[in-house]
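> One letter stands for each residue in the lines below.
There are 2 protein chains.
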Amino acid sequence: MKIHNFSAGPCILPDEVFQKMSEAVLNFNNSGSSIMEISHRRADAQEVMDTSIQLVKELLQVPDTHEVIFTQGGASLQFVMVPFNMMKVNGSAAYLETGAWAKGAIKEAKKLGNVEIIASSADQNFNYIPKDYTVPSNVDYFHCTSNNTIFGTQMKSFPESSVPVVCDMSSDILSKPLDVSKFDVIYAGAQKNMGPAGSVMAIVNKEVLGKTGRDIPSYLDYQIHINKGSAFNTWPVLAIYGVMLNLQWLKNQGGVAGISKINQEKAELLYSEIDRNGLFTGTAVVEDRSEMNATFVLNNEDLKSEFDKMWKEAGISSLNGHRDVGGYRASMYNALPLESVQVLVDVMKAFEQKFG
Amino acid sequence: MKIHNFSAGPCILPDEVFQKMSEAVLNFNNSGSSIMEISHRRADAQEVMDTSIQLVKELLQVPDTHEVIFTQGGASLQFVMVPFNMMKVNGSAAYLETGAWAKGAIKEAKKLGNVEIIASSADQNFNYIPKDYTVPSNVDYFHCTSNNTIFGTQMKSFPESSVPVVCDMSSDILSKPLDVSKFDVIYAGAQKNMGPAGSVMAIVNKEVLGKTGRDIPSYLDYQIHINKGSAFNTWPVLAIYGVMLNLQWLKNQGGVAGISKINQEKAELLYSEIDRNGLFTGTAVVEDRSEMNATFVLNNEDLKSEFDKMWKEAGISSLNGHRDVGGYRASMYNALPLESVQVLVDVMKAFEQKFG
Chain A
170 MKIHNFSAGP CILPDEVFQK MSEAVLNFNN SGSSIMEISH RRADAQEVMD
220 TSIQLVKELL QVPDTHEVIF TQGGASLQFV MVPFNMMKVN GSAAYLETGA
270 WAKGAIKEAK KLGNVEIIAS SADQNFNYIP KDYTVPSNVD YFHCTSNNTI
320 FGTQMKSFPE SSVPVVCDMS SDILSKPLDV SKFDVIYAGA QKNMGPAGSV
370 MAIVNKEVLG KTGRDIPSYL DYQIHINKGS AFNTWPVLAI YGVMLNLQWL
420 KNQGGVAGIS KINQEKAELL YSEIDRNGLF TGTAVVEDRS EMNATFVLNN
470 EDLKSEFDKM WKEAGISSLN GHRDVGGYRA SMYNALPLES VQVLVDVMKA
520 FEQKFG
Chain B
170 MKIHNFSAGP CILPDEVFQK MSEAVLNFNN SGSSIMEISH RRADAQEVMD
220 TSIQLVKELL QVPDTHEVIF TQGGASLQFV MVPFNMMKVN GSAAYLETGA
270 WAKGAIKEAK KLGNVEIIAS SADQNFNYIP KDYTVPSNVD YFHCTSNNTI
320 FGTQMKSFPE SSVPVVCDMS SDILSKPLDV SKFDVIYAGA QKNMGPAGSV
370 MAIVNKEVLG KTGRDIPSYL DYQIHINKGS AFNTWPVLAI YGVMLNLQWL
420 KNQGGVAGIS KINQEKAELL YSEIDRNGLF TGTAVVEDRS EMNATFVLNN
470 EDLKSEFDKM WKEAGISSLN GHRDVGGYRA SMYNALPLES VQVLVDVMKA
520 FEQKFG
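Chain order of the listed sequences is A and B.
For reference, each letter of the first sequence is one residue, going 170 to 525 in my numbering.
For reference, each letter of the second sequence is one residue, going 170 to 525 in my numbering.
Hints are not guaranteed to be accurate.
It does not matter which identical chain is used: a pair holds within one copy or between any two.
Lysine to any residue pairs mimicking SDA-like chemistry, simulated, CA-CA at most 25 angstroms apart [to be verified]: (1) K481 - N198; (2) K473 - R210; (3) K397 - G490; (4) K280 - I393; (5) K189 - D213; (6) K279 - N259; (7) K478 - D213; (8) K481 - D213; (9) K420 - D233; (10) K272 - H491; (11) K478 - N199; (12) K276 - G382; (13) K276 - F401; (14) K280 - S387; (15) K280 - N259; (16) K279 - I485; (17) K325 - N196; (18) K280 - K380.
Source of the hints: derived by calculation from the structure; they are not laboratory data.
Could you put the whole structure together from the sequences, leaning on the hints where they help?
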């Protein structure tokens, strides 16, 4: 039976990525060697990294002021790298608190300086995006999280800012067009729309670096990764090959503009059903709903085992919500086909017919 | 033609690891899902991490005082994590300087405190292991590098120390039996004897943590990774699956005791030929020669293109030495079969017959 994979990440990737990765593990580019056993310094490995960086630049129309790097440690290490690279000694930063990952970023920045939480949606368990705030002009940078995987909210616009803007886009990067020039640091763990878990991508405005007065540990220093073309140390060749294949697939879908139309269609299909169906309620405020992660609950929790049985029988996997929200979470990343959302919607309709 | 892969890392891994990885990329444990698309929190993914940790403990007989963790960022991030976790505020550490990677570790420690280089082989381009030194008792820890991949040297014994001992074992971990109890932190990038590039393993004596007075960034904190069972954030499922398969293969070879015999046999075969053959000279001092990386040069550099042609025709790959040493480097990690070393030795003999 076909599996409809709504996992929040690591998550579904295109079938052709799996096929090509599987082949390359045995025989990379007909070299007779596995992609796992070649040096990252070999020309054909170097091409994998260079192509991945180039594809990000092309797909997101990254301006020349910015550079693209791939490192390791996920967004959690970016939480540390951002203040090391952006916060002056005895400096400060403004953070928008929109969920668990934003809180994680705030926690790390506080270890290096003063953090001002300029707005928070903690009062309603992060079910909305705060909008009534002003980014101060006397901080070193402003940090926000564009998509909150756990709570199903997404920033549809970004505030005016006179200071550098840093954004964690781990769960909605490459899902739609983006004006990169409005951001100074964008970072994103690969394991949603970019590839397998094991790498994290950053897009950095080179002009904002080198201003903190800190002696930055080398691995945490954006400038070093930029200078070394993301090969400061041994990079995860297998993981980046997965990223490259995934970016090539995205390009063939019409890039971010092309995939954005399908992502909108998927989100509309599911949210329409959540709103129409009397047995379910969406948890996020309507205007802040995420196109990537739709969170919803049963109005009658007593029916949980019945609904769970039905979606599992339909081949749906990984629909359970995060423990912080409960209920259900349908993650609809780039590689999830419309067909899978239709299967979920059909199950919700059948469930209504039976128990409504 | 069979490839004899002498790459210094990422390097050869067992064929059965490639086969099983390739299958799991398409269909992990007959679940119908790729190992790249499942959540790291799923029970069958969790089992991959738990089994990997357990196998390290079993293979190296890790005592209960120590814990095993897997993180990302390679040994280069460990260079940063070690002083953050081990060096007191305004503290100091003693480092042994035996090569390029030791220098990298020293550079990062200096950013956090006072570093005393208690011995160095820089005077002879790191072709030996210094032995005439005493580890001071008034430092926070002593750091050394057990195997110097670039220079072909290896520590055959470790000094007495009254302070905690930290060792970078990236390129000889799991190649032979080891008394873990004599070390307080051992770390090793996976991409030599452990698996594909993309993870780094650390074995940490829990009793030495929490004594620095530092507010450690979360990702850099050993205690957090220990507390979270190496799942503080999304870990690289694909890479760790490769580690698990490789550790299982090693267990089936008779563990570190079994592989150690073969590694000794391979090293003896090659070093005997280097010493016997009048056209070559080994670059490392004999008593400090590495079992993992044999470095040697041609006595007559004019014959380089002839020798290069011969070994390439024999199916040998990645034999060129690092630019810091020149000449040749034969890396003989666990998965390299004795047969491949024999092919190299046969080429060296044939080369001597033709040009000797």
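> Each hint needs a verdict: does it hold in this structure or not?
To see whether the hints hold, each was checked on the structure:
Only between protomers do K481 and N198 lie at most 25 angstroms apart by alpha-carbon distance; the minimum there is 19 angstroms, versus 38 angstroms within a single protomer. Within a single copy, K473 and R210 get their C-alpha atoms only as close as 53 angstroms, which misses the 25 angstroms cut-off; across copies the closest is 22 angstroms, which meets it. For the identical chains of this complex, K397 and G490 are inter-copy neighbours only, at 21 angstroms across copies versus 40 angstroms inside a copy, given an alpha-carbon limit of 25 angstroms. Proximity of K280 to I393 under the C-alpha cut-off of 25 angstroms is found in both arrangements, the shortest distances being 22 angstroms within a copy and 15 angstroms between copies.
In the homo-oligomer, the alpha carbons of K189 and D213 lie at most 25 angstroms apart both inside one protomer (15 angstroms) and across protomers (24 angstroms), since each shortest distance falls under that limit. Proximity of K279 and N259 under a CA criterion of 25 angstroms is satisfied in both settings, with 11 angstroms inside one chain copy and 21 angstroms between copies. Only between protomers do K478 and D213 lie at most 25 angstroms apart by alpha-carbon distance; the minimum there is 21 angstroms, versus 48 angstroms within a single protomer. Taking identical chains as interchangeable, the C-alpha atoms of K481 and D213 lie at most 25 angstroms apart only when they sit on different chains, with a minimum of 18 angstroms there against 43 angstroms within one chain.
For the identical chains of this complex, K420 and D233 are intra-copy neighbours only, at 20 angstroms inside a copy versus 51 angstroms across copies, given an alpha-carbon limit of 25 angstroms. In the homo-oligomer, the alpha carbons of K272 and H491 lie at most 25 angstroms apart inside one protomer (16 angstroms), although the nearest pairing across protomers, at 44 angstroms, exceeds that limit. For the homomeric pair K478 and N199, the shortest alpha-carbon distance between copies (21 angstroms) is at most 25 angstroms, but the shortest distance inside one copy (45 angstroms) is not. Taking the shortest Cα distances, K276 and G382 sit within 25 angstroms of each other both inside one copy (21 angstroms) and across copies (18 angstroms).
Only between protomers do K276 and F401 lie at most 25 angstroms apart by alpha-carbon distance; the minimum there is 14 angstroms, versus 27 angstroms within a single protomer. For the homomeric pair K280 and S387, the shortest alpha-carbon distances inside one copy (18 angstroms) and between copies (10 angstroms) are both at most 25 angstroms. In this assembly of identical chains, the alpha carbons of K280 and N259 lie at most 25 angstroms apart whether taken from the same copy (11 angstroms) or from different copies (18 angstroms). When the C-alpha separation of K279 and I485 is checked against a cutoff of 25 angstroms, the pair qualifies neither within a copy, at 41 angstroms, nor between copies, at 53 angstroms.
When the C-alpha separation of K325 and N196 is checked against a cutoff of 25 angstroms, the pair qualifies neither within a copy, at 43 angstroms, nor between copies, at 37 angstroms. Taking the shortest Cα distances, K280 and K380 sit within 25 angstroms of each other both inside one copy (18 angstroms) and across copies (17 angstroms).
Violated hints for the displayed structure, listed by number in ascending order: 16, 17.
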